[in-house]
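Sequences listed follow chains A and B, in order. Under my numbering, think of the first position of the first sequence as 1, with each following residue one higher. Under my numbering, think of the first position of the second sequence as 615, with each following residue one higher.
The set of hints was computed from the structure by calculation and includes no laboratory data. Mixed in with the good hints, there may be bad ones.
[What the hints assert, rightly or not] Rough simulated footprint, nothing fancy, chain A against chain B, three-plus residues with beta-carbon under 8 Å:
1) 695 to 703
2) 907 to 916
[What the hints assert, rightly or not] Think about it this way: if two alpha-carbon atoms lie no more than 27 Å apart in a straight line, the pair counts; the simulated DSS-like pairs of lysine-lysine are:
3) K203/A x K224/A
4) K442/A x K432/A
5) K472/A x K947/B
6) K148/A x K180/A
7) K614/A x K592/A
8) K660/B x K254/A
9) K762/B x K472/A
10) K442/A x K629/B
11) K425/A x K938/B
12) K280/A x K935/B
13) K425/A x K845/B
14) K101/A x K148/A
15) K938/B x K472/A
16) K232/A x K940/B
17) K938/B x K280/A
18) K556/A x K472/A
19) K563/A x K538/A
20) K626/B x K191/A
21) K182/A x K662/B
22) K280/A x K662/B
23) K254/A x K629/B
24) K190/A x K662/B
25) K280/A x K934/B
26) K940/B x K254/A
27) K425/A x K626/B
28) K432/A x K938/B
29) K935/B x K432/A
30) K538/A x K581/A
31) K606/A x K563/A
32) K191/A x K180/A
33) K934/B x K254/A
34) K660/B x K629/B
35) K148/A x K98/A
36) K934/B x K190/A
37) K254/A x K626/B
38) K191/A x K947/B
The model shown is predicted, which means the values in this text are computed figures rather than measured ones. Glycine included, each C-beta is placed from N, C-alpha and C at the ideal position.
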Amino acid sequence: MGKKSEVIEREEVVIRFSGDSGDGMQLTGTLFSDTAALFGNDLSTFPDYPAEIRAPQGTVGGVSGFQVHLGHSEINTPGDFSDVLVAMNPAAIKANAKWIKPGGTIIYDEGNFTEKNIEKAGYEKDPIAEEKLESYNVIAAPISSMVKEALKDFGLDPKSVLRTKNMFALGMVYWLFDRKLKYTEDYFEKKFRNNPEMAEANKVALRAGYYYAETIEALNPTYKILPAQIAKGIYRNINGNSATAWGFMAAAEKAGVELFIGSYPITPATGILEELAARKDLGVKSFQAEDEIAGICTSLGASFAGNLAITSTSGPGLALKSEAIGLAVMAELPIVIVNVQRGGPSTGLPTKTEQADLMQALYGRNGECPVVVIASSTPSDCFHFAFEAARIAMEHMTPVLLLSDSYLANGTEPWRIPDMSDLPKINPPFAKSTETPFLPYKRDDIKLARYWAVPGTPGLEHRIGGLEKTVKGTVSYVPENHEHMVKLRAEKVERVADEIPDLQVFGGNSGDLLVVGWGGSYGYLITAVRELQEEGLKVSLVNFNFINPLPKNVKKVFSQFKKIVVCELNMGQFADYLRIKHQEFNYEQLNKIQGLPFTINDIKEKCIKIMEDK
Amino acid sequence: MADTQVYKYTPKDFKSDQEVRWCPGCGDHAVLSSVQRALAELEIPKEKFAFISGIGCSSRFPYYMNTYGFHGIHGRASAIASGVKTANPELSVWQITGDGDALAIGGNHFIHAIRRNIDINIILFNNEIYGLTKGQYSPTSTKGLVTKTSPFGTVEEPFSVGELVIGAKGKFFARTIDTNIALSTQIYIEAAKHNGTSVIEVLQNCVIFNDGIHDTIAEKEVRDDRTLILKHGQPMIFGKNNEMGLILEGCRKLKAVKLGENGITEKDVLVHDALEPNPGIQYMLANMRYPEYPVALGVIRSVAGPTYDRSVQEQIEGVKKTAKIKCMDDLLKSGSTWSVG
Chain A
1 MGKKSEVIER EEVVIRFSGD SGDGMQLTGT LFSDTAALFG NDLSTFPDYP AEIRAPQGTV
61 GGVSGFQVHL GHSEINTPGD FSDVLVAMNP AAIKANAKWI KPGGTIIYDE GNFTEKNIEK
121 AGYEKDPIAE EKLESYNVIA APISSMVKEA LKDFGLDPKS VLRTKNMFAL GMVYWLFDRK
181 LKYTEDYFEK KFRNNPEMAE ANKVALRAGY YYAETIEALN PTYKILPAQI AKGIYRNING
241 NSATAWGFMA AAEKAGVELF IGSYPITPAT GILEELAARK DLGVKSFQAE DEIAGICTSL
301 GASFAGNLAI TSTSGPGLAL KSEAIGLAVM AELPIVIVNV QRGGPSTGLP TKTEQADLMQ
361 ALYGRNGECP VVVIASSTPS DCFHFAFEAA RIAMEHMTPV LLLSDSYLAN GTEPWRIPDM
421 SDLPKINPPF AKSTETPFLP YKRDDIKLAR YWAVPGTPGL EHRIGGLEKT VKGTVSYVPE
481 NHEHMVKLRA EKVERVADEI PDLQVFGGNS GDLLVVGWGG SYGYLITAVR ELQEEGLKVS
541 LVNFNFINPL PKNVKKVFSQ FKKIVVCELN MGQFADYLRI KHQEFNYEQL NKIQGLPFTI
601 NDIKEKCIKI MEDK
Chain B
615 MADTQVYKYT PKDFKSDQEV RWCPGCGDHA VLSSVQRALA ELEIPKEKFA FISGIGCSSR
675 FPYYMNTYGF HGIHGRASAI ASGVKTANPE LSVWQITGDG DALAIGGNHF IHAIRRNIDI
735 NIILFNNEIY GLTKGQYSPT STKGLVTKTS PFGTVEEPFS VGELVIGAKG KFFARTIDTN
795 IALSTQIYIE AAKHNGTSVI EVLQNCVIFN DGIHDTIAEK EVRDDRTLIL KHGQPMIFGK
855 NNEMGLILEG CRKLKAVKLG ENGITEKDVL VHDALEPNPG IQYMLANMRY PEYPVALGVI
915 RSVAGPTYDR SVQEQIEGVK KTAKIKCMDD LLKSGSTWSV G
């Protein structure tokens with residue numbers, strides 16, 4: 001379609017779609033991302049939406065955003081600052097003004113910049129002028145009136161007509177980035193299979209936006225992002241919650257057991273339960289429990305009965321599950337507890353990201369109560385770590401706490417689809433009928449895992465529970481036995497370290513500064529560290545996925561750097577944990593507690609400052 | 615081929631090697647004995663039984679059973695048992711709980727297990743007191759009861775177990791007295807055979823902290839006059855000489871009457887219908903209290919209905935029949951994908 005007068009090739013670009021929470025920004029962003037992915041760009045996305053389903057219209061609190069970062073080279077974050085902002089109302093300008101790159105492009109819906117909306121957003125008269133954005137490439141597009149005009153012959157009610165505004169805006173952005181409309185048009189055909197008129201209306205709005213952008217050529221120059229050089233294979237876009245759910249299903253298949261999830265809906269973890277509830281075709285048993293406690297307790301029951309048992313939650317729910325995790329530790333049953341972290345404490349910031357549940361995951365229970373703690377670090381590697389969490393839980397007969405976060409849960413990126421034959425087989429230590437009398441707390445010598453005797457198996461009848469036991473399963477208050485069992489349970493978790501991979505260093509194995517992160521901050525840290533390395537600085541990165549136990553080579557890696565800085569979205573919980581586990585090092589800290597991920601600049605500035613300090 | 619194996623057990627086969635540690639004279643001993651008798655008669659292979667409990671004196675029960683057992687945490691046995699049964703509907707799952715465990719800390723799980731009609735059998739030991747913590751009032755303690763945490767008497771209304779079960783859409787409710795082993799055994803057998811959540815309230819004596827709480831109705835000399843043992847299809851007659859009966863007065867209220875007085879004959883006496891889905895009369899029966907009424911024992915309500923565990927299984931089988939996705943590889947490659955290189 002249209003010719004471009006000037007085209008600029010760019011390595012990467014960040015686009016942010018922003019509007020009222022009812023404006024369909026999440027869908028707009030997702031459609032754009034899918035189109036970019038099909039074209040072959042690498043990308044990373046991040047939806048940012050209010051906790052209220054419909055916050056007051058036109059207010060800053062009600063702004064819903066979706067950011068896409070796409071590029072010709074490897075993309076690890078949704079980006080800090082946007083090159084293009086699509087603002088459906090004045091509040092969207094208010095919410096995003098400081099996140100637009102100087103000189104960036106702003107497309108806004110002129111028709112929605114009414115006196116009332118301008119006032120609601122907290123401006124006096126002219127949002128662009130009041131934010132001092134006049135020098136930017138500002139396009140005041142009459143989106144509302146254009147869609148009304150374009151759809152006037154459709155006989156749709158005014159509300160339905162205005163609902164296509166987001167597609168007009170999307171059409172403009174497609175022209176700007178020289179993208180094809182086909183994928184999006186196919187999407188409408190499928191979505192409105194039973195309503196061809198609505199499908200056509202959306203297509204017309206999309207094309208109207210595209211042609212409008214072409215006609216006004218106000219978007220000049222346009223950008224071209226060539227496909228990224230990425231490994232061969234079949235790809236799909238996936239978010240962290242779906243990838244987590246799929247990792248569990250893959251583990252169940254590899255272990256030859258049924259998958260059970262007992263869970264209670266909680267933002268931002270609900271997607272895992274929803275994804276698994278939809279997978280009856282793969283035999284998943286999903287149990288929406290009456291509360292968080294029942295979520296884990298039904299799962300523990302299923303684990304006792306021989307299923308791969310999962311429960312998913314977020315911080316406040318993890319607090320409620322604490323006692324039952326203790327029971328899982330004592331009963332030595334496999335279970336994976338997924339905690340998709342959000343801003344806390346208490347209800348905190350339900351839709352925002354944070355990494356502040358680490359200490360809760362490690363220590364938040366009564367008694368000596370160690371569990372394996374693993375953290376995913378990208379939306380797509382949630383699959384791998386969910387698989388690993390399930391494998392370790394079953395093979396070592398232990399609860400595993402898998403940490404994700406709001407940013408990973410909702411963020412998407414292209415993922416090279418694995419073949420099931422590439423994944424390792426999982427061998428749960430099922431007890432055999434011939435091993436009688438069955439001793440419930442007898443262990444294998446290497447892992448110290450007890451054996452899994454599933455009800456229904458003749459001859460293995462036994463009792464377990466929360467009271468301290470002897471190896472025979474007899475309740476025991478003998479002081480020496482308790483100490484012995486406490487140490488055995490701790491040692492069992494420690495021995496998981498024998499089979500987890502060594503910590504991997506990104507960059508030189510020695511240098512001036514080692515940036516240390518864990519879990520979901522990886523994308524920002526690797527991007528910042530890569531840029532510092534390109535600037536010639538001797539900076540390397542390690543990002544932890546295995547938190548308890550820690551990989552065995554931590555000391556070896558840490559000792560090769562002059563300084564260490566631990567970066568995390570909390571007050572320094574992992575830094576404190578490292579101070580306990582590896583006291584011999586001095587840890588500097590970079591912390592952020594705003595419910596937002598780091599920015600690349602946050603990290604680079606801190607690193608440079610640390611290296612300059614004598 | 616049908617399962618032709620005959621499972622011949624005696625109550626002894628269900629005794630574990632653990633020393634039973636309840637207080638001498640505790641009603642729990644009798645419950646244990648009744649359950650072991652019932653299991654021996656069920657013709658279910660021993661390995662298919664799973665006993666799940668919470669916390670409290672009664673919750674030690676699984677340790678004394680030579681079956682699969684899981685001693686859980688306070689109040690959560692309904693949830694654990696729900697998970698066991700949903701994971702494997704072939705098991706015969708029993709929950710052992712008390713008035714504190716099921717109705718206070720575990721109230722939420724208790725009502726939701728019943729609402730879902732998960733096929734588990736819940737034996738609720740009701741001694742109207744907290745025994746393991748040494749004598750505090752419970753959600754079933756009579757209003758005014760003086761205990762360590764209510765030195766001036768409680769000011770709370772107690773729950774009636776049957777009322778709560780029926781309110782939670784319960785389909786099976788029975789009541790027995792710990793020491794009546796024959797009746798208890800029969801009820802446990804019926805509960806086991808019922809598909810869906812079965813709740814059995816056992817009026818159980820705590821010999822230390824609430825001794826004799828049920829004596830007014832349970833003592834040998836008075837029990838025939840003060841309890842009514844319900845049998846489906848039989849008239850509701852009680853009393854040492856079967857001289858008393860229950861009638862419906864004004865279509866709204868039960869009344870205990872003497873047969874032969876005021877022209878009332880056996881024909882006027884209500885016939886027990888445990889299978890009636892409308893719980894109206896069963897509800898009134900469950901709530902009868904001495905001295906106005908005899909206390910109803912036996913199976914008060916037993917109504918058929920779909921169970922959660924089987925419904926889950928059927929839904930999965932139904933979806934699988936027409937599903938395009940048969941394994942993980944299918945799922946991984948489904949939907950929107952693209953090829954690189």
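Going through the hints against the structure:
1. 695 to 703: holds (count 8)
2. 907 to 916: With 0 residues in contact (Cβ-Cβ under 8 Å with chain A), the coverage given for the region 907 to 916 of chain B is violated.
3. K203/A x K224/A: Distance ~23 Å between K203/A and K224/A Cα, so the pair holds.
4. K442/A x K432/A: Given that 27 Å is the threshold and the Cα spacing comes to 13 Å, the pair holds.
5. K472/A x K947/B: Roughly 47 Å between the alpha carbons, so the hint for K472/A and K947/B is violated.
6. K148/A x K180/A: Holds, because 24 Å separates the two Cα atoms, which is no more than 27 Å.
7. K614/A x K592/A: Cα-Cα ~24 Å, so holds.
8. K660/B x K254/A: violated (30 Å)
9. K762/B x K472/A: violated (38 Å)
10. K442/A x K629/B: Roughly 22 Å separates the two Cα atoms, so the pair holds.
11. K425/A x K938/B: holds (24 Å)
12. K280/A x K935/B: holds (10 Å)
13. K425/A x K845/B: The hint is violated at about 56 Å.
14. K101/A x K148/A: violated (32 Å)
15. K938/B x K472/A: Answer violated: K938/B to K472/A is near 47 Å, above 27 Å.
16. K232/A x K940/B: holds (26 Å)
17. K938/B x K280/A: holds (12 Å)
18. K556/A x K472/A: It is violated: about 41 Å lies between the C-alpha atoms, which goes past 27 Å.
19. K563/A x K538/A: It holds: about 11 Å lies between the C-alpha atoms, which stays within 27 Å.
20. K626/B x K191/A: violated (64 Å)
21. K182/A x K662/B: violated (57 Å)
22. K280/A x K662/B: Since the Cα atoms of K280/A and K662/B sit roughly 26 Å apart, the hinted pair holds (cutoff 27 Å).
23. K254/A x K629/B: violated (38 Å)
24. K190/A x K662/B: Status violated; Cα separation ~48 Å.
25. K280/A x K934/B: Holds - the C-alpha atoms of K934/B and K280/A are around 7 Å apart, at most 27 Å.
26. K940/B x K254/A: holds (14 Å)
27. K425/A x K626/B: Distance of about 42 Å is beyond 27 Å: violated.
28. K432/A x K938/B: violated (35 Å)
29. K935/B x K432/A: violated (33 Å)
30. K538/A x K581/A: This hinted pair holds, its Cα atoms lying about 26 Å apart.
31. K606/A x K563/A: holds (12 Å)
32. K191/A x K180/A: holds (19 Å)
33. K934/B x K254/A: holds (19 Å)
34. K660/B x K629/B: holds (11 Å)
35. K148/A x K98/A: violated (32 Å)
36. K934/B x K190/A: holds (23 Å)
37. K254/A x K626/B: Outside the cut-off at roughly 41 Å; violated.
38. K191/A x K947/B: It holds: about 20 Å lies between the C-alpha atoms, which stays within 27 Å.
In the structure shown, a violation is registered for the earlier hints numbered 2, 5, 8, 9, 13, 14, 15, 18, 20, 21, 23, 24, 27, 28, 29, 35 and 37, in ascending order.
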